[in-house]
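*Asks:* In the order they appear, the protein sequences are chains F and U.
Heads up: the first sequence at position 144 corresponds to 144 in our numbering, and the numbers run straight through without jumps.
One gets our numbering by counting positions in the second sequence from 1 and adding 288 to each.
Derived from the structure by calculation, the hints contain no laboratory data.
We put the beta carbon where it would ideally sit given N, CA and C, even for glycine.
Any given hint could be a false lead.
[To be verified] The calculated EDC-like cross-link candidates involving lysine to aspartate or glutamate, where the alpha carbons are at most 16 angstroms apart (straight line), are: (1) F:106 / F:176; (2) U:382 / F:256; (3) F:40 / F:247; (4) F:33 / F:247; (5) F:11 / U:391.
[Claimed, not checked] Computed list of chain U residues with no C-beta within reach of chain F, every gap over 10 angstroms: (6) 452; (7) 466; (8) 489; (9) 509.
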Amino acid sequence: MRRFKEFIIEKIILLSGFACILFVILIFFFLAKDGLALFKFSSPWNFLFGTLWSPLSEPPQIGILPLFLGSLIVTIGAAVISVPLGMACAIFIAEIAPKWMREILKAGVELLAAIPSIVIGFIGMTMLSPIVKHIFHLPTGLTALTGSIALAFMAIPTMVSIMEDSISSVPRIYKEGSLALGATHWQTIYRVIIPAASSGIVAAIMLGIGRVIGETMAVMMLTGNASVMPHTILAPVRTMTATIAAEMGETVRGSEHYFALFAIGLVLFGITFLINFLADMARHRKNK
Amino acid sequence: MKFKPQTKQKIAFILLGIAASIVIIPVILILAILIQRGLPAISWQFLTEMPRMGMRAGGIFPAIVGTLCLVFCAISVALPLGVLTAVYLVEYAKRNWWTRMIEIAIVNLAGVPSVVYGLFGLGLFVIFFQFGSSILAGALTLAIMELPVIITSSKEALMSVPRSFREASLALGVSRWQTIRHVVLPNALPGILTGAILGISRTAGETAPILFTVAAFYLPRLPKSIFDQCMALPYHLYVLSTQVPNVKPALQYGTALVLVGMVFLLNLVAIIVRARIRSKKQW
């Protein structure tokens with residue numbers, strides 16, 4: 001009897017092990033089922049490269065290029081801000097800060113990660129966007145740049161914690177060898193430690209960017225939601241994620257618009273899948 | 289201009305220190321702003337009353353209850369599943385192609401955008417399983433979303449239990465599952481709980497996955513069963529700050545403060561539990 005019970009339990013454990021694979025497949029399946037239905041109405045070419053997103057016009061214009069470029073411009077902006085800041089912060093925590101300061105900084109970074117995206121969006125709307133509006137003399141403070149700044153701070157915790165891990169896991173002897181040769185601590189950091197930790201750092205940057213692309217609420221509240229082709233980072237844009245979140249509530253189930261939103265979801269899923277897969281590869285290369 | 293290496297080092301370290309403080313300052317600023325503007329709004333009435341006058345007055349009680357229901361239901365699905373997955377990966381799985389697939393699946397689950405989880409929950413739970421827009425649909429969506437967090441932290445907790453513990457138990461003739469049940473899991477429990485708390489705190493703040501699966505715009509009563517819709521704090525904040533005109537700022541800041549307070553409290557508990565595990569570990 002007891003052996004039978006254990007047999008059952010071990011089978012349950014085995015099944016849970018495979019549950020994650022099942023979920024990924026289910027997510028893909030349910031996005032594809034409704035997303036691909038769009039192509040009964042329009043061609044993939046028009047969907048991916050159409051420059052007009054106007055699903056409520058007659059006939060509906062379903063082109064996600066402006067949304068894709070919106071996501072791209074916000075993401076690039078956020079990467080430009082977050083990569084140097086995140087790297088500097090990770091190096092400072094891992095190598096330079098004394099122990100007490102390290103604990104405070106790490107707790108601070110963790111709390112930054114914990115702030116819900118909706119709160120970042122809210123604070124960004126009330127505090128950040130007036131500043132952006134004032135500095136650049138814009139008619140509105142809700143621009144791609146505003147979104148980029150907020151997203152940068154949402155990507156930084158992911159970057160810092162993974163970078164810090166990979167910097168700390170560089171073998172001590174590398175560092176000691178370099179110091180023994182008379183190099184300063186700083187020379188050791190950028191000539192020895194950073195190159196040795198590079199694959200982890202690359203993975204961290206990719207995961208941070210993955211988080212930025214997928215971010216929804218803050219971006220929806222901060223970028224102004226204008227679904228036009230973006231020309232500058234100081235103009236309102238609309239991202240793919242924000243489009244889904246903003247429009248899903250008002251579509252008719254089974255309409256072209258509804259399928260189009262699932263198709264955007266499928267595109268997003270594909271992009272983040274690729275990024276995470278590559279980042280994971282980069283992280284595991286280090287371990288070999 | 290050529291600097292001595294020592295001078296260069298000094299400049300570099302100062303710059304790095306400045307960068308690190310730039311990262312931390314927003315946390316302090318956000319907290320300070322929320323407390324300064326939100327605290328005056330928070331009163332016993334605010335926390336325990338229904339919203340009134342199209343949410344322009346009254347409290348946020350149903351949103352608090354809704355969020356608590358959602359995170360509780362989500363964690364009660366995700367925790368057992370996540371821990372069992374971690375047990376499989378740490379105790380049973382061989383290093384082969386299948387295991388690698390599971391790991392890649394976990395990494396990708398962690399990276400799927402929150403709004404895509406929303407679409408998925410809409411497609412699978414709301415429409416396919418016909419749960420409708422309900423706590424059940426929302427909680428299951430959130431559960432799948434927090435699964436990677438729970439698995440990753442449970443895995444770490446299990447792996448930090450020394451091999452010798454398992455070997456000692458197995459050498460006494462105890463079966464593999466009994467060893468896991470009575471030796472490994474109890475020792476890994478604090479670490480697993482830390483992960484669970486972090487999972488809860490993450491789901492408490494999520495908005496996008498519940499947009500189409502459960503969240504009610506304005507529902508001034510409490511949910512009666514898991515097949516009811518409910519309000520939720522993050523969605524309520526979204527509604528107050530973008531959808532309803534002329535809301536008193538104090539109401540918005542108050543709602544934001546309650547949400548952030550809840551999330552931060554959970555995180556602080558997790559941080560403290562973890563620090564205590566680290567310092568108490570005898571092996």
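*Asks:* Next, verify each hint and record whether it holds.
*Replies:* Comparing the hints with the structure gives:
no.: 1; hint: F:106 / F:176; result: violated (25 angstroms)
no.: 2; hint: U:382 / F:256; result: violated (46 angstroms)
no.: 3; hint: F:40 / F:247; result: violated (21 angstroms)
no.: 4; hint: F:33 / F:247; result: violated (19 angstroms)
no.: 5; hint: F:11 / U:391; result: violated (19 angstroms)
no.: 6; hint: 452; result: holds (23 angstroms)
no.: 7; hint: 466; result: violated (8 angstroms)
no.: 8; hint: 489; result: violated (6 angstroms)
no.: 9; hint: 509; result: holds (21 angstroms)
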